[in-house]
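Dock chain B against the given chain A, drawing on the hints supplied.
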Amino acid sequence: MTSLKQDEYYDLIRGVNWTPKYVPEEEIFPEEMSGSRGIPMAQWEAFDEPYKVTYGDYVQTQREKDAGVYSVKAGLERANYVKTADPGWVSTLQAHYGALAVAEYAAATAEARMARFSKAPGNRVVATFGMLDEMRHGQLQLFFSHEHTRLSRQWDWAHKALYTNEWAAIAARHMFDDMMFTRDAISTAIMLTFAFETGFTNMQFLGLSADAAEAGDHTFSNLISSIQTDESRHAQQGGAILKVMVDNGKIDDAQHMIDVIFWRTWKLFSVLTGPIMDYYTPLEHRKQSFKEFMEEWIIGQFVRQLDDLGLKKPWYWDTFVADLDQAHHAIHVGVWFYRPTVWWNPAAGASPEERAWLEQKYPGWNTTFGRTWDVITDNIVRGRLNMTLPETLPLLCNMSNVPIVGTPGDKWNTKDYPLVYEGRLYHFGSPIDRWCFEQEPERYKGHMNFIDRVLAGLVQPPDMAGALAYMGLAPGEMGEDAHDYAWAAAYQRKAAE
Amino acid sequence: MAMFPIASNVEGDMAIMVVMVDDEGTMDEVAKACAYHSVGRRVAPRPDKILRVRRSSTGEVYPRDMRLKEAGLLPTECVDLIFSDA
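Protein chains in written order, with the numbering used here: chain A, 184 to 680; chain B, 2 to 87.
Chain A with its partners taken away, still in its complex shape (with noise of 0.2 angstroms):
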């Protein structure tokens, strides 16, 4: 008997939905589940992924992946490159697993929703993929940060920290249980394996892995690679789910939620990878700019995705390019002047090298974040550490959750944008944040940012001391400049000239 080759046989053992007889499809189908919008059923059967893959050929593939991710960990574990890492990588390391690690894992139950309540029977199939897949990564992200928990307790943080209410956990978890937790099947595909995924983990993947390879780190370039070729397979639901929702004249309603989650996605990845690619990667290993890369992987690449399908630009989307001039550097002071608050060590990357570097990608930076530095650097040079350090907290939007900022200095344009709903005055670091706000008052107006948790009276004392002491976060544990301040030594040098 000859064998039938895939694609003459994987549509029909995909195709895997029936007529029921003796439960109505609503009740298989909920629509606050399956959300499905009306399109019938045998439309969502349209659906139809570019890359298809079998069960067998999956968990064959899925083995030799993790075969070549754990035999490049255990040959170069005797290397010991945490150990000899320039401090501004490790920080890159930890502030990446403790921010994403146990992420992935939640992630497998956004996967899961889909595999169970899509009506798209191919996206049930290719979901069960995805599923496995970010559990790989939840599990290999734990395990191959935990050799280094000897080495500090902030690596520990790549599973503590999702569970604790540090701020950026706190801003984390908001974003990712709105767009994975509470979301029916077809809104999940659409902002987590479309927006999200293939939108912007690409380049937090290839991009550090681009940049970890560079640095010498090959462990880690090796595993988020690995992890990405993962990605790359699961993500594609997201387009061929968007193509049926086209098809069947609910472009509108895509677009809308490609715009949401596109603008809180950015703001998680501003603060995330911003400043891990423009400030804490040694300056002699950093392959493109921060901003590069997001020209690259989003307004070349994802745009064009958009286009295929017949979507547009979200409509703030000048506003987006400026902001990759701005958000990222502004949080970046932001978070190294706060480091007390955060898991790992932030590098300032403030030399006088770097910032030349920092002028020639952003022109103007010199006189406007630069200003910020110079005050900053200062005071190190004059062993006014104290001055270096925050004595309140700042101003939270109360939808990314994270500062809000802006440029300072010559170009200063800090500004909040406010909104009284229901009596709350709450806060936002954008007009775009507030206009996620306004679409789903009802989905957001409860939670309590940081701030709100303060003032609330949750926080006691209500000072610096007991912020951390709620964030979870003891000595060792909190964040201290990467180098030692060793970056200030040339201002140092200068000034006793």
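You may find that some hints are simply not true.
As the list claims (entries may be wrong) - Derived pair list, reagent style DSS-like, types lysine-lysine, alpha-carbon separation capped at 30 angstroms:
(1) A:Lys-598 x B:Lys-70
(2) A:Lys-470 x A:Lys-256
(3) B:Lys-70 x A:Lys-677
(4) A:Lys-628 x B:Lys-70
Bear in mind the hints are in silico, worked out from the structure with no lab data behind them.
Fair warning: this is a prediction, and the values are worked out from it, not measured in the lab.
Same frame as chain A, but now just chain B:
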């Protein structure tokens, strides 16, 4: 007196600080409390200027001797702190 939270947006700073101030205090005292968390930390001091308090939502610049509680601000409402000649 009662401690009142305001959002302090000092000219030249990249972030907005939450500052607790005495609602009996004058706007000059509010400005001083706000400056403490920004000026000399992330914003260069400008000794030739004074900081004036401006309501962010309306642009209204408050008189220097006006008491905070007379301004009608909501808790955590944002004020801009602007370097001025007088």
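Consistency of the hints with the structure:
1. Simply put, Lys-598 of chain A and Lys-70 of chain B have alpha-carbon atoms about 23 angstroms apart, close enough for the 30 angstroms limit, and the pair holds.
2. For the given pair, Lys-470 of chain A sits about 23 angstroms from Lys-256 of chain A by alpha-carbon distance, which is consistent with the 30 angstroms threshold.
3. For a cut-off of 30 angstroms, the pair hint linking Lys-70 of chain B to Lys-677 of chain A is broken: about 48 angstroms separates their Cα positions.
4. For the given pair, Lys-628 of chain A sits about 28 angstroms from Lys-70 of chain B by alpha-carbon distance, which is consistent with the 30 angstroms threshold.
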